[in-house]
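Asker: One letter stands for each residue in the lines below.
2 protein chains.
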Amino acid sequence: RIESDSSGSRFTPLVVLELASDTNQDAIAWLLSRIRDQQQDGGQLGPGVDAQEKENPNVFLVGATWQRLLSGAEDVGLFKEFNDGSMRGFTCANKHDFKDYQGDGDSFLSMAECQYIIKHLLDTLRAKQETHVPGHSEVKLYPGKSIVRRLQSKGILVQVFPLHEKEELKRLSFSWYGKVKLSLQPLDDIRHYYGEGQALYFCFLEYFTFALVPMALIGVPYYLFDWEDYDKYVIFAAFNLVWCTVILELWKRCSASLAYRWGTLSRKKAFEEPRPGFHGVLGFNPVTGREEPLYPHAKRLLRIYLVSLPFVLLCLYLSLYVMMIYFQMEGWALSVHDQEPSFWTGVLLFIPSIIYAVVIEVMNLIYRYAAEFLTEWENHRLESSYQNHLVLKVLVFNFFNCFASLFYIAFVMQDMVLLRQSLATLLITSQILNQFMEAFLPYWLQRRRNKKMMRKVQKRRTLEDKELPLAEQVRLEADMSTYLGTFDDYLELFLLFGYVSLFSCVYPLAAVLVVLNNITEVYSDAFKMCRVFKRPFSDPAANIGVWQLAFEAMSVIAVVTNCSLIGMSPQVKAYFPDSESQLILWTVAIEHVLLAFKFILSFLIPDVPKPIQISLARLEFESLEALKKKKETYDYNAFL
Amino acid sequence: RIESDSSGSRFTPLVVLELASDTNQDAIAWLLSRIRDQQQDGGQLGPGVDAQEKENPNVFLVGATWQRLLSGAEDVGLFKEFNDGSMRGFTCANKHDFKDYQGDGDSFLSMAECQYIIKHLLDTLRAKQETHVPGHSEVKLYPGKSIVRRLQSKGILVQVFPLHEKEELKRLSFSWYGKVKLSLQPLDDIRHYYGEGQALYFCFLEYFTFALVPMALIGVPYYLFDWEDYDKYVIFAAFNLVWCTVILELWKRCSASLAYRWGTLSRKKAFEEPRPGFHGVLGFNPVTGREEPLYPHAKRLLRIYLVSLPFVLLCLYLSLYVMMIYFQMEGWALSVHDQEPSFWTGVLLFIPSIIYAVVIEVMNLIYRYAAEFLTEWENHRLESSYQNHLVLKVLVFNFFNCFASLFYIAFVMQDMVLLRQSLATLLITSQILNQFMEAFLPYWLQRRRNKKMMRKVQKRRTLEDKELPLAEQVRLEADMSTYLGTFDDYLELFLLFGYVSLFSCVYPLAAVLVVLNNITEVYSDAFKMCRVFKRPFSDPAANIGVWQLAFEAMSVIAVVTNCSLIGMSPQVKAYFPDSESQLILWTVAIEHVLLAFKFILSFLIPDVPKPIQISLARLEFESLEALKKKKETYDYNAFL
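Chain order of the listed sequences is A and B.
Taking full-length UniProt numbering, the leading residue of the first sequence gets 1, the next gets one more, and so forth.
Taking full-length UniProt numbering, the leading residue of the second sequence gets 1, the next gets one more, and so forth.
If you are wondering where the hints come from, they were derived from the structure by calculation, not from laboratory data.
Possibly wrong hints are sitting among the right ones.
Since the list can't tell identical chains apart, any single copy or any two copies may satisfy a pair.
The calculated lysine-lysine pairs, modelled on BS3-like cross-linking and capped at a C-alpha distance of 27 Å, are [said to hold, decoys possible]:
(1) Lys80 x Lys99
(2) Lys154 x Lys573
(3) Lys299 x Lys610
(4) Lys268 x Lys252
(5) Lys80 x Lys299
(6) Lys268 x Lys610
(7) Lys269 x Lys252
(8) Lys268 x Lys80
Chain A extracted, bound-state conformation (with noise of 0.2 Å):
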C-alpha cells in the first residue's frame, strides 16, 4: 500500500530503507521526521518517505522533489554536458546551460544519479542536539554525527538499496546480454543505470579482452603446430611484455576518455565521512573542526605492522607450506603408479591436483574473512583507506597462493612441461569454480527465493497483469543477494592477467583460454548484475583505481618471469654452451633494459589524450579569467 507523503507532494520512490523489525516507534517516527525535515538545510523540500506496511513493517521508501534533487546533484559537486560540449560542475544558477536541461523534465539527471544524491543526503543527515536515538537509549548521537551511519553501525538499519527501474532494466538487460551479437557492451546504459564504477569495470573487461585477442591469436599457432621452438617463444614472449606495458598505458588514456565523457574526471570529491565502523575518542577534526571520533594514527600504524603485517606473512607461510605437501602428494601418486601402473593409480595421479585447487579456494576464502576482520580492526577512518588495506592484503595472499606452485615449478624444478600442464589445469579449474560460484549458484538460490516469493504472491492475489505491484518489488529486492562490489570481479581479472602474462612464453594458449573466459564472464556478470543481486548504488568512479597499480605490479614481475624463462630455455642455453654465467648476465641485462623501456614507455605515453588536456585546460583557464573578471566588477565596485 503506497501513501503520498504528508507534505502533500508525491515522490517517485527512488531508495529503499530497512529498519531491524524490533525498532523502536519513537526511533521510526523521529528518523521520518528527520528526513522529512531537510527542508531547513537546503532551502527545498527534503525526501519524502512512505512506509510499506504489513509483513515487515519497517520497510520505507524515500523519495525527492524535483528541485531537492537538483540542489543535491550541486552538493554531490555532479558534472554534466554544458551546451557548449564541454562537462562542467552542475550548479542550479546556471541550470538552463546544460545540454539536457529540459525544465522540471525527468531525464536530465539519471535514475541511478537521483539515487546516488539520495543516499548522499541521507549520508549526511546530522545529529543536532540529539545525545542518543530516540527509544534506543544505547545508539548514542553527537552534535554533526551522521545519522544513517551510526543507525548503520547499531544494526538497527539493516539495508538501504536503490530500487531496480523494470523496464530500464528490461531493455538494458536485452542489448547487454539477451541477444546474440557481435557489437560491443552498452556503456553509456550501464553507467546510466549502474553508474561509472559498474560501468568502468564492463570496459575494462572488455578493453582487457579486446587487448588479448593479439596474443591469443599469435599464440594458436604455437599450439596448432606444436612449435618447440624457443627462438619463436621469445619472439612471442617479447611481444607479450611489450604489450602489457602498452595496453595497460592505453587503458589509463581509455580510462579518462570515459571519465571524462561522463564527467568524473575532474569531479572534485566531497569531504569524505567517517566510515561506518570507525571508532574512537570524541574529538574535534582538524579539517573540518566538527566533532567525531578520533583514533591515532601511531596506532594504526602499530596495529598494522605489528598484527596485520606478521599475520600475512604467516599466512604466506602456510600456503607455501600446503604447497610442499601438494607436492609431496603429488610425488607420492607417482610413485605409486610407477610401481603398479593401473587404472585406480591413473586416477590416484588427478587427485593430488584436485585436493590442491580446491584447498586453494578454500584457503583464499577464509584469508578473505580475516582480511576483512584484521582491516576493519585497524580502524581506518576512511572507506578509501580501507579499501586500500584490504585489496593490498588479498591481492598479496591470492597472488601466492594462486601462482606460488606455478613458481615452484617454473624455477625450483625446471620443469616446463609439468609447468605448462599445471598453468593450463590451474586456469581451466578456477575459470569453472569461479563462473559457476559467482553466477549459477547465486542465480540458482535467487530462483528458489523467486518461486517461493511469487507462490505467496499468487495466492494472495489473482494476477491481474504481469506488473509486479510496488510493495512486493521492494519485497522481492530486499531478499535478492547484496553485490559486495568490483573486488571480486577485478580480483578474478587481476589472476587471470597473472595466468596469461607471468607464463606466457611457456602456454601461449592461456590468451585464448582467457579470451574464451572473458567473453562467458562479460554475460555472467551481466546477468547476475540485472537479475540475481540488489541494484548497487552508482559510484562515481573516474578510473580503476588501486586495480591500475596493481595490473602495473603484475606487468613488472611478468618482465622478470618471462626473462628467466626465456634464460632457462634449452634453446637459449645453447647460445652459450661454455658458461652458464655468461647466459645468466646477458639474460639479466636484457630483463634490466626491458625494465627501464618499460618505465620510459609510461613515461611517455601520456595518461590523458590530447584533446581531453585541452578541454581540462580551457575549463581551468576559463575558471580563473572568470575570477578575474569578478575580481574586476569588484574593484570597479570598490571604486565607484
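Given the coordinates of chain A, work out where chain B should sit on it, guided by the hints.
Answerer: Leaving out everything else, chain B in the frame of chain A:
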C-alpha cells in the same frame, strides 16, 4: 638623473629595462606609454617609467604604485600568511585579514615579490590593434601577443632585470657567507631576497650535505684503517642504498614543508604564455581562444625522435670513442713507463688522465650548446617543456660522459684499484675545475669591470659618500653577468651524487670529499649570487622539479651498480667457490629485492608531512563550505 613619473606619483625603482641603442624613438615612446597605460586594464595605476639618460639612453626603470602591486599579487596568485597562520591566496578584497598587512606598508610584499609582479605585468602587456611595433615594421604584432616577449625575441629589448637592494644585500651576504659560522643558511632571507626557486636550491644543497654526513662518518674509518675487508663494504653499501632512498623521500617532505611555508605549494599556476622564441602559423589557441602561433605537435615529435634522439645517441657514441682513445693512451703510457722507467715517463703516466678530464669538460660544454640549439629548434611552446627536454638531453650526456670510464673500469676491466684511483681523480679534478669556472673566474672578470667603472665614476665626481648613486648602480648591474638559473648548480650536485652513490662501496671516502666540496660550494654559490651575477627574478617554485626525478633515477642505477660491485668482490666470490652462476643468481635476487624494497619504501613514506596535509585539506574543506554557503544564500535570495 632620476625624475619622477609623469603621472606625478613617485615609484621605488624595481626593474630595469634595457632597450637596444638603435631602437627607434617612436617605439620607445609607444612602449613607455603602453606601460604607463596599464590602468585601463587593471583599475589601478600602472607601472611608471624613469629614463636613465646619458651614455646608454635606452635604460629605463620600472616601478609601480602600491595598489597596482597588490592587485598584481592577486593576479599572479601569490600565497601569503593569513591571520590564522595558514597560507592563503592573496586577494585585495580581504587584504586586511592577512597577517603582515599593515595598511600601505612596504613590508607586506617583499621586493623580490614586487619585482616578480612587475615582470608578470610586463609579460602580460598585450598588443591591441597594432600590427607591428611603431618604427620597427619588421617586428610584427597581433592582438593579444605579449609585447615584451616579442621585443625580447627580436633583440630590441636587450635585457630586463630586477635591481639589487644594497642594504638588504649587505645584510644577507653577511649572515650568509660573511662570517665563519656553524649555523645554517638564512633560508628565509634568501627566499625573501631571491625567491623560492633559489632558496630551494640552497636548501637542497644544505640538506644534501647534511644527509651525506652519516655516510662520510662511516666512510672515514674505512680509509683510516685501510679496511680491505669486503664484508664491511657490503654493510656500507647496503646502508648507502637504503640511505639514498630515504634521504630522497625525506627531501620531498622537507621541500613540501618549505613550499607550504613559502606559499608556493598549493599556488595555482597562471596560464603559461608561449616562450619568447616560439614560432608557428598564427591560429587560435584551443585552450584560451586567443590568437597565437600554433605549431603541430606531430612535427615537434618528429624533430625530437628523428633528429634530436639520433644526435644524442651519436654524441654518446663519440663520447665512448673518446673514452676508448683514453684507455689506449693510458695503455701506451704504461707500456712506455714499464719499458724504461724515468722521471719523465712517470709524468707521462698522468698526461692521459689530465687530457681526458679536460676533454670531458670541453665535450660537456660543446654538447651543452648543441643541446640548447636543438631544444630551441624543437620549438617548444612552454618554457617548462623546453627546460625538461634540455635537462633530459644534458643529463643523459653528462652522466654518460662522466661515468662511462668508471663503468668500463669497474665492469669490463674489473680493476677495483684503478677504479678507486680514477674515481678519486675525477671527483677531485671536477670539483676544483667547477669551483674555479663557476665562482672565481666570473668574480675576477667582474672585479676588473667594476674597477674600470669605479675609476670612471671617480673621474667624473668626487666621492662625497660611499653610497653609489642609483644611475651608477644601474649601470654597474647592467654590466654584471646574467645568472642562468639553477641548472648548472643542480647538474653539479647530480654528478656529485652519482660519484657518491654509484661506486660508494669501493671508495667510501667519496662522501667525505663531497661533503667538503658542498661546504665550499655553499660559500662560493652564495658569493656568486650576491656579488658576481645580476639579481635574478624570483621564481615561485614548489619543488626542485625534474631534478627530483633525476636523483631518484640515479639512486636506482646506484642499486644496480653497487650490487654488481659487491657480487664481483673476491670476498663474496669466496662464498661460492664452485659455481659462478650461483653467485650471479644470488646477486641478482638481492638486487631485485632491494629495488622492490626501494619502491615500496617510496610508496610508504608520504610525500607531504601530515600537518601540512591537514592544513591543505582544511583549506579545501573551507572553500567547499564557503561555496555551499554562497549557494545557500543564492537559493535563499531566489526564494525571497
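Asker: Does each hint fit the structure? Answer for all of them.
Answerer: Against the structure, the hints come out as follows:
no.: 1; hint: Lys80 x Lys99; in the structure: within (8 Å within a copy, 40 Å between copies)
no.: 2; hint: Lys154 x Lys573; in the structure: neither (65 Å within a copy, 64 Å between copies)
no.: 3; hint: Lys299 x Lys610; in the structure: between (45 Å within a copy, 15 Å between copies)
no.: 4; hint: Lys268 x Lys252; in the structure: both (19 Å within a copy, 25 Å between copies)
no.: 5; hint: Lys80 x Lys299; in the structure: neither (42 Å within a copy, 35 Å between copies)
no.: 6; hint: Lys268 x Lys610; in the structure: both (21 Å within a copy, 21 Å between copies)
no.: 7; hint: Lys269 x Lys252; in the structure: both (20 Å within a copy, 25 Å between copies)
no.: 8; hint: Lys268 x Lys80; in the structure: both (13 Å within a copy, 25 Å between copies)
When the structure is compared with the earlier hints, violations turn up for hints 2, 5 and for no others.
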